[in-house]
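Novice: Each chain, written out:
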Amino acid sequence: MKAIKGILLTCDPAVKQILLAMDEKQKFIIDNLDDYHIVIKADDEYRVRLELEAELEKNTWTLE
Amino acid sequence: MPVAVAQDETKDVKKEHVLLPFLQTQSQNTLTRLYQRPSSCLSIFRLLSALERQIIMNLLWLESAISVSTMAAWVVREARPLYDNALATLARLHILPQSTVKLALNPTFKTSFRQALTGGGTSSSFGVPAGEGHDKAQDGIPTDRDGRKDDKRNAPSLNTLDSYAIERWETILHYMVGSGNGRRPPEPSPGVRFLLKTSGLMNEFHGSLQISSTGFQFLLHSPHEQLWHLLLQYLHLAEQRRMDLVDVLSFLFMLSTMELGREYTVANLTKTQSAMLEDLRDYGLIWQRKQSSRRFSPTRLSTTLTSCSPSLPNATGTSSGPQEGFIVLETNYRIYAYTDNPLQTAVLGLFASLKCRFPNLVIGSITRESVKKALSNGITADQIIAYLITHAHPNMRKNNPMLPVTVQDQIRLWELEKNRLKSQEGYLYTAFASQADYELVLNYAKELDVVLWENAAKRCFFGSAEGHSNIKGFIERRTMGQK
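Residue numbers (this note's numbering), protein chains in the order written: chain P, 1 to 64; chain S, 1001 to 1483.
Just so you know, these hints were derived from the structure itself, not from any lab.
Some hints here could point you the wrong way.
Covered, in the sense of this in silico footprint (three residues per stretch, anywhere, with C-beta under 8 Å from a C-beta of chain P), are these stretches of chain S [said to hold, decoys possible]: (1) 1022-1029; (2) 1432-1440; (3) 1449-1459; (4) 1468-1479.
In this text, a Cβ means the ideal position worked out from N, Cα and C, and glycines have one as well.
I would like the entire structure built from these sequences, with the hints used as guidance.
Specialist: This is the structure in structure tokens:
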């Protein structure tokens, strides 16, 4: 039996796909649990959040 | 009492007053001393819910105790939980001691409250007006010349009091709003700044105070709630400073029962209460002509502490904008605010991007960026919507629903967007040797309530960080046992 320290991310499937794509560039995923859950390295959380936000931001437009 | 109360109470969805939980944590001794003052009894009575008030009124004029079963017979079955709840609250406040046989009000409370309603007594807990009778008694005491001159002046007008209260109060709020956007509004007194810091509404940041997320939420509340929030902090502080809590509370209650526009003498105040004068002056609760003045007048902020009338006057002619609704929100996210009050404009600027400003009108729009900024400051979507509803223009109130649904939904969606990723720290437990092993550890973790995710097919689960040491210990004990 093994215990791995990490952070459990709960997200929707769309966000998970983005995370998987990001993982291909730089590994941070420890285990891909199911459609809604993923375990990542604790140290990478901040970076992943920033990158994810930048990625999601590409999909929004403003009137201004 | 039975049916009428039940209906009354279900309509009364207002949650209990913020002061009551604080009072409930006080000792019976403190509360009983507080109940010796009729004005405190009246004020607390006014803070209670309708049902609790009715129970007190039913018992107040009874000379002897009433048996619990007689009282309970009045209550219809559906309303029973409400009734029990009310009794529990009153018991915690030590107004109506819990008993399985007889119900009777706390004798101190009963005497004082009767006195509050019928008058009489010499406790002067409602404050002693200056310039009548009592001043004559003091004439013998030599006072400095200022004090004498002071006594001859007339009481301040309501306008003076109102504009003073508004000026003080808005200085505090302005200081909070201004700290967030880099502007430096006039600073309130050190005492106020200290209170803002200890209450967590503002945080020290590079030597200057910055508004915190609770501070942002605070700004969207009504003046009454804001005032009590600060006073509650003040009470906690008073406990730490070893001020007599009964003195502090009874002074606040005394203020809340005083008459607006009247001057009261400071001669009857205790030492603690005289010390409080300065603090309360800073908050705008009390007006004094001079610091050394022997008289003080309560402002509208303090006389409405325990009533439901607005804490700040809606009279015009002061710098404050209209108190009832002034915001019009359109389906195209445009927002029109009919106000000339810089504070209201600043609060609006917390979650809307403002475009133009006219003498009596501010135009802006609610955008994704502006709402995101608010959300990152710790304001929630519900708070924004609640603020818009409470300050909606009278014309908006004709609409049903009052705010455009599109805008409401969009604000909530923006909030959800921010929370697309939820993260929880912990440990992933995998590679169990057997299904039995897995289930054993999993059940143990479940008992501790630390399992965040599990999958029996993969034989792994995710436990929160708090549970790790326990689980580790559990496994170690087992492996030791097997050897």
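Novice: Indicate, hint by hint, whether the structure satisfies it.
Specialist: Consistency of the hints with the structure:
Note: the segment 1022-1029 of chain S has 0 residues with beta-carbon separation from chain P under 8 Å; the three-residue rule is not met and the coverage is violated. Restraint check on the segment 1432-1440 of chain S versus chain P: 3 residues with Cβ-Cβ distances below 8 Å, three needed, restraint holds. Counting residues of the segment 1449-1459 of chain S whose beta-carbon sits less than 8 Å from any beta-carbon of chain P gives 4, enough to reach three: the coverage restraint holds. A count of 4 residues in the segment 1468-1479 of chain S with a Cβ less than 8 Å from any Cβ of chain P is obtained; the coverage claim is therefore met, three being the minimum.
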